[in-house]
Amino acid sequence: MTEKTFICRCEDLTKQEIEQAIDEGYTTLEELKCKLRLGMGPCQGRGCLLLTRRILCQKQGKKPTEINIPTTRPPEIPVSLGTLASEQP
Amino acid sequence: MTKKTDVVIIGGGINGCSLAYQLAKQDIDVMLLERQHLCSGGTGRCGAGIRQQWSTKENAELAIQSVKIFEQLDKELNAEIGLRQGGYLIAIHDEKELKQAEKNVALQKSLGLQVSVIGPDEIQKIVPILDIKGMRAIAATFCPTDGHADPFKTTDAYAQAARRHGAKLQTYTKVTGIKKKKNTIECVVTNKGKIKTSTVINAAGPHSKEIAEMINIKLPIKPLRKEILVTERVQPLFKPMVISFTDGIYFSQQEGGQILGGISNPNEKNGYFSDPTFFFLQHMAQTLLRYAPSLNTVNVIRQWTGYYDMTPDARPILGEVKGVSGFLQCNGFSGHGFMLSPMVTKLLTEYIVDGKTSEILHNLSLDRFTDKNIEKEAYVVG
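The listed protein sequences derive, respectively, from chains P and U. Residues in the first sequence are numbered from 1 upward in steps of one, following this note's numbering. Residues in the second sequence are numbered from 1 upward in steps of one, following this note's numbering.
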């Protein structure tokens, strides 16, 4: 990984931007999400959250299990409003 | 952790962080305690709207003054808050709603707000994607200076400014008790130790009720789950927040292109129910497409929940309570804590620093609930 490597492709966040935010004191995935919109795009953090967790592990000398992953929110995949509206109760 | 401070603020949402900034700026020694991370509660989950159109004078005044503060906040805090003044368009569906709207517009105009009742043609002009027939509107009210800001950015801007002025913001710190001696506060107990203080501001959203119970103060607050969704980014389509009290819906388009909105569930019960429901997705999609059929193919990417901290009159509880000196409330916003925060926190800061009281603090004190004729805020949505 280089500094210019994109970690969150939905929200265009590079490794450098994420590391800078961590250095500024945003040291949990939840805080990075609030600060940078990390994992808030259409893929909902499928790739970036685990990659960022690895960066946090390296920077803080922690194990992956010591780092909380933000709550996973529905829907599992993007669904159109039309599809949702057509569903019968 | 510091063991002694002038003021302890409980809750790291918009109100807590704004209070921390304003008090620290006045050279007050202040510590904010947040059990999770900043913005982890109502503020970070809210619809981000900023509305000045209200049915009660206190809310309208607080909102109008708050917008004036929001308008210069970028400069004051030296950070972007993402303010976008695209207006609020409130749909009117029948004669009864029209009468209430005319009454409210008169009140709002008397307070200096630029707001008017508009007809179907103008609704269409302001928000072209709306289907007047589908939304069953006969008119609307519109205030062009309403809008929205980014709750994450705004809270972060306040937090950073607070730290620059020396405030201590302690995250992942849970308050487990408050101790008092006679009628004054002695200390706040947390999972990370005790903090001596004489003043506590309770800004913990729905959890404010549990905080107040620690010193036997009863707050009439009930948590009410609210659901909200966001879509993928689409091209710019409209600027105002569109709301309807009849349908319980609100939606707006963010600067980044996402459409964000929610709708109330008429059968929702009070309590800490955090799970999102499929009923909401369907109810929201059906109603939203009735209002704006062209959004049919737009993808929903996320739904989540949060709580309104509901009071009996849907208005906040502010200021010092009788019985415990130095215990101040900044809660019970009933879904409007973000938009009212600038002025509310200014009034509370003036009270703490100079002992300055005001009609609003008096009218929105906890004491008002002992009166049987409380005036209820009629304009609550979502």
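Just so you know, these hints were derived from the structure itself, not from any lab. Do not rely on the hints blindly, as some may be mistaken.
Distance condition first, Cα-Cα at most 30 Å in a straight line; then the derived BS3-like pairs of lysine-lysine [said to hold, decoys possible]:
no.	chain 1	residue 1	chain 2	residue 2
1	U	Lys376	P	Lys4
2	P	Lys62	U	Lys194
3	U	Lys218	P	Lys15
4	U	Lys269	P	Lys63
5	P	Lys62	U	Lys209
6	P	Lys59	U	Lys376
7	U	Lys125	U	Lys269
8	U	Lys372	U	Lys218
9	P	Lys62	U	Lys168
10	U	Lys192	P	Lys63
11	U	Lys168	P	Lys59
We went through each hint and held it up to the structure:
no.	hint	result
1	U:Lys376 with P:Lys4	violated, 55 Å
2	P:Lys62 with U:Lys194	holds, 28 Å
3	U:Lys218 with P:Lys15	violated, 48 Å
4	U:Lys269 with P:Lys63	violated, 40 Å
5	P:Lys62 with U:Lys209	violated, 36 Å
6	P:Lys59 with U:Lys376	violated, 52 Å
7	U:Lys125 with U:Lys269	violated, 38 Å
8	U:Lys372 with U:Lys218	holds, 17 Å
9	P:Lys62 with U:Lys168	holds, 26 Å
10	U:Lys192 with P:Lys63	holds, 23 Å
11	U:Lys168 with P:Lys59	holds, 24 Å
The structure does not agree with the numbered hints 1, 3, 4, 5, 6, 7 stated previously, though it agrees with the rest.
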